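Peer 1: One letter stands for each residue in the lines below.
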Amino acid sequence: MKKHVITAAIAAAFLAAPLAATASEAELLARIEKMAAELEQLKAELRASVKKTEAVEQRQQVIAAAPAPAAAPAPAPAPAPAAAPAPVAGAALASASGFSGPSTVLTGYGEVNYNRPTKDASQAQADVRRAVIGIQHRFDEKTKLVSEFEWEHAVVSADDKGESEVEQLYIEREFGNGLRGKAGLFLIPAGMLNTNHEPTAYYGVERNFVETAIIPSTWREVGVQLSGDTEAGLTWDAGITTGFDLGKWDAAGSDGRESPLGSIHQEGQMAKSRDLSGHLALNWRGVPGLLVGGSVFTGKVGHKAEGFAAQDARVTVYDLHTRYTPGRWDLSALYARGQISNTEALNETLVGNPTPVPRSFAGWYTQAAYQLLKADDLVLSPFVRYEQFNTAKSYAALPAGLGVAPSPDEKVTTVGANLKVGEGVVLKADYQKFKEDKTRDRLNLGMGFSY
Amino acid sequence: MRYLPLIPLAAGAVCAPVFATQYLNVEQAQKLMFPDASAFREQNVALSLPQMQQVEKLAGLPARSVNWRVFGAYKGDALLGFMVLDDVVGKFELISYAVGLNADATVRQVEVLTYRESHGGEIRTPAWRRQFVGKSAAGGGLAIGEGIANISGATLSCTHLTDGVRRIAAIAQVVLKK
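Chains as they are written, first to last, in this note's numbering: chain A, 1 to 451; chain B, 1001 to 1178.
Hint data in this document are derived by calculation from the structure and do not stem from the laboratory.
One thing to keep in mind: the hints can contain errors.
[As the list claims (entries may be wrong)] Each computed SDA-like pair below joins lysine to any residue, with the alpha-carbon atoms no more than 25 Å apart:
1) Lys-420/A to Leu-1061/B
2) Lys-1135/B to Val-287/A
3) Lys-420/A to Gly-1141/B
4) Lys-420/A to Arg-1064/B
5) Lys-374/A to Gly-1141/B
6) Lys-420/A to Gly-1140/B
7) Lys-161/A to Gly-134/A
8) Lys-438/A to Val-404/A
9) Lys-438/A to Ala-131/A
10) Lys-438/A to Gly-327/A
11) Lys-420/A to Ile-1144/B
12) Lys-420/A to Asn-1044/B
13) Lys-1057/B to Gly-327/A
14) Lys-1178/B to Asn-1044/B
Predicted model, so just to flag it, every value in this text is computed and none were measured.
With the rest of the complex left out, here is chain B (with noise of 0.2 Å):
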């Protein structure tokens, strides 16, 4: 019993190392995910009612929102991609992520700029949000349970990021390809 207290100071200690993408400002998730760029240009996308509809079709969920927050990312005069920043619920609280895409509209990586919730972080682990890296809104693979798994005990949270996710590939596909 007297040595109780040092157990979560020695898993404390084991564990350590740490996190570095828990709160991972803007700058740092456009260097993150085109680690070539030379400039990153702030390139907002206002949808129209058509590109809505488009969005909507492709993704199966409402658009939300008409103004998107978009990064081109760009190495000279070349386009490498772009980057979306957005937000979703949890389960009660905002995660903030960006979505790195290719200029083909494909997701290029996925980050979790903050997380805010008691449960579920693990929604930053890298081995999950690999599953995003390659797919598009037209090829498919972009929901939970198909193409996406799940992660137990924190169904929301993926649920929702999936979701999340897969709008912004299809806003890339409508408004931004290449």
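Next comes chain A alone, as it looks inside the complex (with noise of 0.2 Å):
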């Protein structure tokens, strides 16, 4: 059809143009030739647009012909007269008309961090923080598989500080009507930060103590789990999986101090399995712009060990979490909370340690940024944290003069920006005050990116 008007409108050219009147032969013969050149470009064009058609077409013809997963086809309700084929187009399954990617896609995210503690510039240091390559694989319509690879602190060998480590590798499968489960190892859905933990959705440089330190992001674990929508904007994820392993405790160690679930997690290596952990996790967006979540994970971490004095030990964590993202803010606060029950006995056979296991461990946060600036394709969200948080809140109770006094809270300031680059690459900068270990106060620098 298109051919046709193009053809048509050529030859109206040639006809309309007043040749023999105004020009020479040699003026006559330039423009000619001028025309001849036009019209194989634009012969050119044609073809490149038929062949293009064709392809279209050709999709089209294919997409037909696969099985619709659904709905039988069934006629289009009027089809125009003008419109042939668009009965197939209008009653296959509308993911037809789009399902075109590759089957494969290759993701990635990094950020490479600069910390310089204001009170001993000695201790400045940069890193390649993390380096994450991702790779999705689509088997069909409803299953796939997510798999992520990292390398932490650049460099991995047994004399070196790096970790290589498989963050998540799962196979999700939806199965209809809004429910979709997945096996493997996946993220648990607790807090904000853990499923969307990298560098271009989280401000600041490092990511907030109460969900590194309480929630041990990223934290994930082996087994299983079903999620699914409902109408009202109420998202839910449920599942079993490995837990932690209380006998990897270090009470000689500080690793327990700074993030006492990061210190006893599995990871997915070899994890201890006799006892399993459930989680349940909420998230409501029912209010354009609003979330409300919450979780709760739990389960025994004693394994049934030979000779370990806490069989019975126990952790629960949970969190409550909102965010308001009207207009230019985004506002956001979260509670996390940790307990390990059934430590006394545990704790005995540790005492004389600095780091014997805490009863709890609990902290909160809010933040509020805002879109200061928007040019091109930049953006500039400054933003402001207050985080306070106590990994050895309290300690189970031990005959006196043998227990180890719990921590006071510290209480974190954190003031800086994020720079966006497109929709991709962020740089930040901010700057840390602690309240209880004034030495730890820092001037941080980071480039992120995620794709």
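Two independent chains are provided; combine them into the complex using the hints.
Peer 2: Spelled out as structure tokens, the structure:
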């Protein structure tokens, strides 16, 4: 159809050109040559256009030939005479109109950070904090594999401090009617950061303390999970997974004081699985711009290990969180608390060590960010965050004189800004002030990306 | 511990009432958007260069494609509006969606036909999609943070879908508006 229109237009142009009336023979020749060239160009464009149309038609035929998973092809409601191939497109599943992306997608994110303690510059450090490669493969419309491979601290070897790890490795299957299941190594839906931990997704060079010290981001377990959504904006996740291993507790070291659960997580590395854990997360987004949610994770951590003094110990972590993004504001708050029960007997065996197992640890933060400037693809968002956390809020009772005193709450104020470059790149700068351990005050600079 | 396996089962049972909109097909979307229509006619649009430039100016986005799949919704001979089909990439995967438009180029309804990402399915929430209704490319308010609220945890999906709706609203303004 289009072809004919263009041909007609060209013919009309020739006819209409007032050739004979004005031009000399040489001029005429030149013009004819020019027009011939233009004609060639038009022909080429036409050929390209026809090819494109053919490709589209071919694709439509392929789509039509493919069995529609849910609905049998039915005639279009009112096929217009002009749209002969329309019934195919009109009745096939909508997904058919778009499912043409590659089945294997490569993703990645990473961050390079610089920390400079303001009271002791000799401790200043630059670090390739993490480099992550993700590979997602879709087997079919309903089944896919999600994987993430991570390197931390640049170099990994027996003599170096880096780590290499499989961060996620799971199969996800859609069951229709909004239900989906996961099996493998996946992120626990606790708090807001753990499942959205790419540097472009949070404010500040470093991840907040509450969601690293209390909720041990990036926290993943091996297991199964079922998720779903409701019309009212409620998303739920429920699952059974591996849990923590209290047998890994190092009372002589300081890891347990930095992040109690981070020091006993198993990360799918030959994880002890005598005791399994369960989790449930609810997130409600029924009002545009508002998120209100919470999660709970609980499971025993003794694993019936021979001679272990805390067979009945149980870890329970829960959190409540909210985020509200009216206009240019981005406001959020989170509270998280963890408990390890039945640790009296174990702690008695650890008397004299600096880091017994805490009975409770908790923290909260509140954060406000504002999109101050937007120019072209640059977005500048200053933010301020106040957090309070304690990794050893209380200990199980010990005979007088043998216990360790609970830690005081640490309070940290972070002020800084994120400069987003397009969608995938972020430059960050902030200053962190510590109330208890003032030697930790520091200036941070960071670069991050995610694609 | 014995009852742990029951947690996901119980959660599934409680929340089973589920989502009718996940695998909406084109016909279903048409009927949802224009329940009064007696006929839908495919009247695809091919944008000319000046039209594409106008769309880019109105939407603040590249027009991306010359050809657009458009259905006109009619009640008898009277035009009720249009439905435009499109796909945008969420985070890694395609989101298939349809935008219903009134004859005056205001957005009538947005429906997500297929969503494939692990996260961010909340863009299907009716309350979020209702934010688009009644807005137009000329009137504005079709951008994240400027009329359309962000969805926490689904920033890329909701940004890309919003951009897609704004582009289609601009096409409607330039080409379809009666």
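Peer 1: Decide, hint by hint, whether the structure agrees.
Peer 2: Hint by hint, here is what the structure shows:
| no. | hint | verdict |
| --- | --- | --- |
| 1 | Lys-420/A to Leu-1061/B | holds (18 Å) |
| 2 | Lys-1135/B to Val-287/A | holds (19 Å) |
| 3 | Lys-420/A to Gly-1141/B | holds (22 Å) |
| 4 | Lys-420/A to Arg-1064/B | holds (23 Å) |
| 5 | Lys-374/A to Gly-1141/B | holds (16 Å) |
| 6 | Lys-420/A to Gly-1140/B | holds (24 Å) |
| 7 | Lys-161/A to Gly-134/A | holds (22 Å) |
| 8 | Lys-438/A to Val-404/A | holds (22 Å) |
| 9 | Lys-438/A to Ala-131/A | violated (31 Å) |
| 10 | Lys-438/A to Gly-327/A | violated (36 Å) |
| 11 | Lys-420/A to Ile-1144/B | holds (15 Å) |
| 12 | Lys-420/A to Asn-1044/B | violated (37 Å) |
| 13 | Lys-1057/B to Gly-327/A | holds (23 Å) |
| 14 | Lys-1178/B to Asn-1044/B | holds (16 Å) |
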